[in-house]
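**Student:** Top to bottom, those sequences are chains A and B.
Going letter by letter, the first sequence gives residues 427 to 707 in this note's numbering.
Going letter by letter, the second sequence gives residues 3 to 259 in this note's numbering.
Hint data in this document are derived by calculation from the structure and do not stem from the laboratory.
The beta-carbon is built from N, C-alpha and C at its ideal position, and this holds for glycine as well.
Do not take every clue at face value.
[To be verified] What follows is a set of in silico ranges between Cβ atoms, one per label pair, in the way DEER data are often shown:
1. B:Pro29 with A:Ile507: 44 to 54 Å
2. B:Ser149 with A:Arg640: 26 to 36 Å
3. B:Pro47 with A:Ile507: 50 to 60 Å
4. A:Gln528 with B:Glu251: 17 to 27 Å
5. B:Arg231 with A:Leu544: 34 to 44 Å
[To be verified] Selected chain B positions facing chain A (in silico; Cβ < 8 Å):
6. Ser57
7. Glu111
8. Pro112
9. Leu164
10. Arg207
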Amino acid sequence: MAEGNLRGDCQPPPSNRSMPEPLLHVRELSVRHHSSPTPSLDNVSFHLETGETVGLLGESGAGKTTLARALIRLLPAGCRILGGSIRLRETEILQANERLLQSVRGAQISLIFQEPELVLNPVMRVGEQIEEVLRAHSPLPKRLRKEEVQRMLAEVGLAGPDTYSAYPHELSGGQRQRIAIAQALIARPSLLIADEPTSALDTVTQAEVLQLLRTLKERLQLTLLFITHNPALLTRFAERVIVIHAGRLVESGGFNQIWCKPSHPYTAALVKAASSFSAHA
Amino acid sequence: MPDNVPGLAPLLVARNVSKSYNRGRWPAPRFRITAISDIDLTIFPQSALALVGKSGAGKSTLARCLAGLEIPDSGEIRFHGNPRGVQLVFQHSATAMNPAFPAIEIVAEPLRIQKISKRVCHERALEVMEKLGLSREWARRSPLTFSGGQRQRLLLARALILNPKVLILDEALAGLDIPAQLRIANSLLELQSSVSMIVISHDLRMAAYLAGQIAVLDQGKIVEMAPARELFSHPQSLQTRELIAALPEVPEGCGNE
């Protein structure tokens with residue numbers, strides 16, 4: 427991993443924003459589960475540019491989670507990648523060996539899920555769980571690691587001495603999702619994949635977590651792939667939206683285009699459903 | 003949809019209902035938390051009331067008390083008629099049914115346990131399933147082969163087979179995709195001519211879609227109750243304003259047709 431910004435280099439980092447190169451480039455990715463006659467992902471191609479927020483929209487069963495997991499090669503058993511290419515800057519993920527993948531996961535690409543309980547160890551203090559990720563990716567001494575964790579806890583809005591030593595069950599659902607976010611970001615990845623991160627939360631907490639993701643995205647200059655079934659959550663958030671249906675990418679475009687002039691009937695149905703509820707508000 | 007028609011006899015009445023639980027396990031000290039306190043509610047025939055609030059506001063405890071699954075510490079809940087007349091449907095459809103039963107048995111079970119003949123039960127089950135848009139041909143399939151939305155319909159069918167007077171939906175649509183939520187919500191609206199509903203949700207939009215009257219719960223108390231439209235246009239309480247502010251903003255003027 428090349429360290430940017432050597433001392434004396436006063437160029438602001440967004441200088442490469444004028445000529446953005448894709449951070450992630452997925453080409454013709456196909457994945458199939460052995461029990462299914464049709465592929466779960468069928469020739470999916472898209473790219474993410476550095477610093478972009480992209481919404482991945484689709485119904486359950488469309489292949490959103492399979493895609494998220496394929497990107498870091500953590501597919502469930504029974505799923506096989508049939509072909510294609512996933513390039514993260516210069517690294518070809520599909521050719522990478524396990525060692526390389528371990529250095530990519532968490533340090534370059536991180537994933538957060540709908541249920542933070544899935545990634546949190548119930549019998550380990552949450553601060554230690556975040557620190558564990560840092561230990562795997564960085565040679566910092568323990569004292570500095572602990573400071574770094576405290577700083578990250580403050581970033582996700584959980585400052586205070588008590589949080590570090592709390593167990594997951596002592597926290598609320600929203601707080602646990604914040605811990606999962608801290609854990610995902612502690613090793614400073616450039617790409618965060620958020621897979622329905624607010625679907626298990628109530629609307630007030632959902633709004634708070636969305637706001638947190640917006641803030642962190644700016645502060646840490648993240649590229650964000652936000653996966654959801656609800657197009658309304660992408661308002662004023664996603665710069666681009668890609669729509670997936672039955673394992674295929676059916677549409678992609680700016681948020682306003684997807685919301686106002688969807689070209690695929692499936693997208694139109696999703697948007698219509700989302701706006702019928704809002705019409706009552 | 004008249005919501006509070008004066009002169010109609012109320013179906014279900016809750017007066018000063020309170021419920022608290024013991025919390026804290028050794029070595030932590032035990033303490034009591036109040037889940038709901040002094041709740042007053044009246045449900046009229048053919049009406050729909052939504053209970054809205056954040057997680058932990060006491061919505062589910064209230065639902066369980068109203069359904070008779072929990073005995074309140076104080077206050078009273080009066081329902082005129084057979085206790086089976088109040089039915090409760092929850093969120094996690096997958097855990098609420100026996101995967102070894104075919105769909106039709108799941109729906110028919112509440113009648114079957116009353117020693118009603120199998121033929122009658124199955125006939126009635128098929129009727130309710132069809133009403134909810136579940137095809138007769140799926141009757142023998144395992145619920146595991148159903149989608150989340152279809153499973154939720156199975157649970158609704160199982161509640162409706164008893165001809166309840168009041169149907170309590172505790173986040174029954176949460177966890178489903180938006181299009182599936184909308185389809186089921188529309189089925190529910192059709193049912194409202196024959197059964198009163200209590201819709202529990204953290205989502206104000208969903209509440210307003212399904213119910214004319216909305217009660218906002220916070221820390222076990224009803225902080226505001228108003229017709230849906232009034233609640234949105236003139237929210238009185240801080241909690242209501244917070245819920246409104248949390249709704250995702252959607253672009254106006256398009257996406258509607």
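**Student:** None of the hints should be skipped; say for each whether it holds.
**Tutor:** Quick rundown of the hints versus the structure:
1. Checking the proposed 44 to 54 Å range against Pro29 of chain B and Ile507 of chain A shows it holds: the Cβ atoms sit about 50 Å from each other.
2. For the hinted restraint 26 to 36 Å between Ser149 of chain B and Arg640 of chain A, the CB-CB distance of approximately 32 Å keeps it satisfied.
3. In this structure the hint that Pro47 of chain B and Ile507 of chain A lie 50 to 60 Å apart at CB holds, the actual value being about 58 Å.
4. Between Gln528 of chain A and Glu251 of chain B the C-beta distance comes to about 40 Å, which lies outside the given range of 17 to 27 Å.
5. Separation of Arg231 of chain B from Leu544 of chain A is about 40 Å and conforms to the stated range, judged on CB atoms against 34 to 44 Å.
6. At about 5 Å, the closest approach between the beta carbon of Ser57 of chain B and any beta carbon in chain A falls short of 8 Å, and the interface hint on this residue holds.
7. Interface hint at Glu111 of chain B: violated, since its Cβ lies 27 Å from the closest Cβ of chain A, which is beyond the 8 Å cut-off.
8. With 8 Å as the threshold, the beta carbon of Pro112 of chain B stays out of range of chain A, its nearest partner Cβ sitting at about 28 Å, so the hint is violated.
9. The closest approach between the C-beta of Leu164 of chain B and any C-beta of chain A is roughly 29 Å, which is over the 8 Å cut-off, so the hint fails.
10. Here the hint on Arg207 of chain B is kept, as its CB sits about 4 Å from the closest CB of chain A, short of 8 Å.
When held up to the earlier numbered hints, the structure conflicts with 4, 7, 8, 9 and fits the remainder.
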